[in-house]
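S.K.: Work out the full structure: start from the sequences and follow the hints.
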Amino acid sequence: MDQSLLVFMTVAEKMNFTRAAEALHMTQPAVSQHIQSLESAMGTKLLERSNKYVRLNEAGEIVYRHGKEIAGLYASMQSLVNDLMNEASGTLAIGASYTFGEYALPHTIAYLQHHYPEIKPTITIGNTKEIAELVAGRQLDIGIIEGELQHGRLHVEPFAKDRMYIVASSAHPVLGGLEDVSIDFLRDQTWIVREEGSGTREATERMFSDIGLQSPATMEFGSTQIIKESVEAGLGITLLSHWAVRKEIKLGTLNRLTLKGQPVEREFSLVRIEDQLQTKALQVFLEILRAHRGLPELD
Numbered sequence: 010m011d012q013s014l015l016v017f018m019t020v021a022e023k024m025n026f027t028r029a030a031e032a033l034h035m036t037q038p039a040v041s042q043h044i045q046s047l048e049s050a051m052g053t054k055l056l057e058r059s060n061k062y063v064r065l066n067e068a069g070e071i072v073y074r075h076g077k078e079i080a081g082l083y084a085s086m087q088s089l090v091n092d093l094m095n096e097a098s099g100t101l102a103i104g105a106s107y108t109f110g111e112y113a114l115p116h117t118i119a120y121l122q123h124h125y126p127e128i129k130p131t132i133t134i135g136n137t138k139e140i141a142e143l144v145a146g147r148q149l150d151i152g153i154i155e156g157e158l159q160h161g162r163l164h165v166e167p168f169a170k171d172r173m174y175i176v177a178s179s180a181h182p183v184l185g186g187l188e189d190v191s192i193d194f195l196r197d198q199t200w201i202v203r204e205e206g207s208g209t210r211e212a213t214e215r216m217f218s219d220i221g222l223q224s225p226a227t228m229e230f231g232s233t234q235i236i237k238e239s240v241e242a243g244l245g246i247t248l249l250s251h252w253a254v255r256k257e258i259k260l261g262t263l264n265r266l267t268l269k270g271q272p273v274e275r276e277f278s279l280v281r282i283e284d285q286l287q288t289k290a291l292q293v294f295l296e297i298l299r300a301h302r303g304l305p306e307l308d
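Okay, so the sequence shown: first residue is 10 according to this note's numbering, each after it adds one.
Hints in this document: simulated from the structure, not taken from any laboratory.
Since the model is a prediction, treat every value here as computed from it, not as a measurement.
Any given hint might turn out to be false.
To be verified - Once the Cα atoms are required to be at most 25 Å apart in a straight line, the calculated DMTMM-like pairs of lysine to aspartate or glutamate come out as:
id, residue 1, residue 2
1, Lys-23, Glu-78
2, Lys-170, Asp-189
3, Lys-170, Asp-193
4, Lys-259, Glu-188
5, Lys-129, Asp-189
6, Lys-259, Asp-284
7, Lys-77, Glu-142
8, Lys-256, Glu-241
9, Lys-138, Glu-274
10, Lys-61, Glu-31
11, Lys-170, Glu-205
12, Lys-269, Glu-257
13, Lys-256, Glu-276
Unchecked claim - Computed spacing ranges between beta-carbons, pair by pair:
id, residue 1, residue 2, range
14, Ala-50, Ala-226, 51 to 61 Å
15, Arg-215, Glu-238, 22 to 32 Å
16, Gly-221, Asn-66, 34 to 44 Å
17, Met-86, Ala-180, 30 to 40 Å
18, Glu-67, Ser-232, 27 to 37 Å
19, Thr-53, Thr-267, 54 to 64 Å
20, Met-86, Gln-271, 46 to 56 Å
21, Glu-67, Ala-226, 38 to 48 Å
22, Glu-31, Glu-67, 24 to 34 Å
Backbone N, C-alpha and C fix where the C-beta goes; we use that ideal spot for every residue, glycine too.
M.R.: So this is what it looks like as structure tokens:
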């Protein structure tokens, strides 16, 4: 990979020439020389500089974004060449949306590490939209998302079902021992929902549409954990995956509810670049997900 581009990306991420030089084990004048060389090749300045900060300008944003893609392709090229002679090994950049990434993926990674210790996974957690964009930008080898996705550059492969339940505090004053609730009950509640771009938010809005629940009172949070804590505190009810609430259900702090006796179902899907060449490490990981559906045994 071009050294000047690598130096530029490090400066952009560190937002400081001195810190970038330390990370690259170079002198600061050498870093400056590489930046000048790249700017000369591009025919324009790429960074805004002052005594207090270093920032990307509009041209720099373009070069940085494409540089990340180039870095991903270069790492993939190295892994594929290594694969010709070796067992499954090397780095594997995995992205997952919150529910799968925080509650199911750790079991899969534990299995992977036990059977293939030479594979070194790195994990990125974000909402469905964020993970899809990172895969499309070749910053991740594979993404695992919740719900539906349409993206021109990505192949989407459903591989496992997820059961979602309406969840309320075990101390809810109206519920008593109810496990199945009515639409009238749901209409009167405050709903605690995830942010736009989340697969859980998408599933919640689809459920609202399916049952004719229009414009309910809502509170929005960007974390499943905060939502669970808020529901336990009695701020409202929510719709969450079985995987996200199974511990709280066992402890008796949350109640799992249904409408007409049925949970809401959605799919977990794999997302990857359409023309992506697969390393042995990625092939092994995909085989584990497809064989075990990426999930531990249901309780």
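S.K.: Compare the structure with each hint and give your call.
M.R.: Structure-based check of each hint:
For a cut-off of 25 Å, the pair hint linking Lys-23 to Glu-78 stands: about 18 Å separates their Cα positions. Between the alpha carbons of Lys-170 and Asp-189 the distance comes to roughly 22 Å, so the proposed pair stays at or under 25 Å and holds. Under the criterion of a C-alpha separation no larger than 25 Å, the hint pairing Lys-170 with Asp-193 is inconsistent with the structure, at around 28 Å. For the hint linking Lys-259 to Glu-188, the alpha-carbon distance of about 15 Å falls within 25 Å, and the restraint holds.
A distance of roughly 45 Å separates the Cα atoms of Lys-129 and Asp-189; the hinted pair therefore is violated under the 25 Å criterion. A distance of roughly 44 Å separates the Cα atoms of Lys-259 and Asp-284; the hinted pair therefore is violated under the 25 Å criterion. Our distance criterion of 25 Å between C-alpha atoms is met by Lys-77 and Glu-142, whose separation comes to about 12 Å. As the CA atoms of Lys-256 and Glu-241 are separated by approximately 13 Å, the hinted pair is consistent with the 25 Å bound.
Simply put, Lys-138 and Glu-274 have alpha-carbon atoms about 20 Å apart, close enough for the 25 Å limit, and the pair holds. For the given pair, Lys-61 sits about 18 Å from Glu-31 by alpha-carbon distance, which is consistent with the 25 Å threshold. For the hint linking Lys-170 to Glu-205, the alpha-carbon distance of about 22 Å falls within 25 Å, and the restraint holds. Distance hint between Lys-269 and Glu-257 is fulfilled; the C-alpha atoms sit about 23 Å from each other, no more than 25 Å.
The suggested pairing of Lys-256 with Glu-276 holds, with an alpha-carbon distance near 21 Å, which does not exceed 25 Å. Here the CB-CB span from Ala-50 to Ala-226 is close to 56 Å, well matched to the stated 51 to 61 Å. About 25 Å separates the C-beta atoms of Arg-215 and Glu-238, a value consistent with the hinted range of 22 to 32 Å. A C-beta distance of roughly 50 Å is found between Gly-221 and Asn-66, which places it outside the suggested range of 34 to 44 Å.
Distance hint check: the CB atoms of Met-86 and Ala-180 are about 57 Å apart, inconsistent with the given range 30 to 40 Å. Between Glu-67 and Ser-232 the Cβ separation comes to about 32 Å, which falls inside the hinted range of 27 to 37 Å. Between Thr-53 and Thr-267 the Cβ separation comes to about 59 Å, which falls inside the hinted range of 54 to 64 Å. Here the CB-CB span from Met-86 to Gln-271 is close to 48 Å, well matched to the stated 46 to 56 Å.
Hint check: Glu-67 to Ala-226, Cβ distance near 41 Å, so the stated range 38 to 48 Å holds. With their beta carbons about 28 Å apart, Glu-31 and Glu-67 fall inside the hinted range of 24 to 34 Å.
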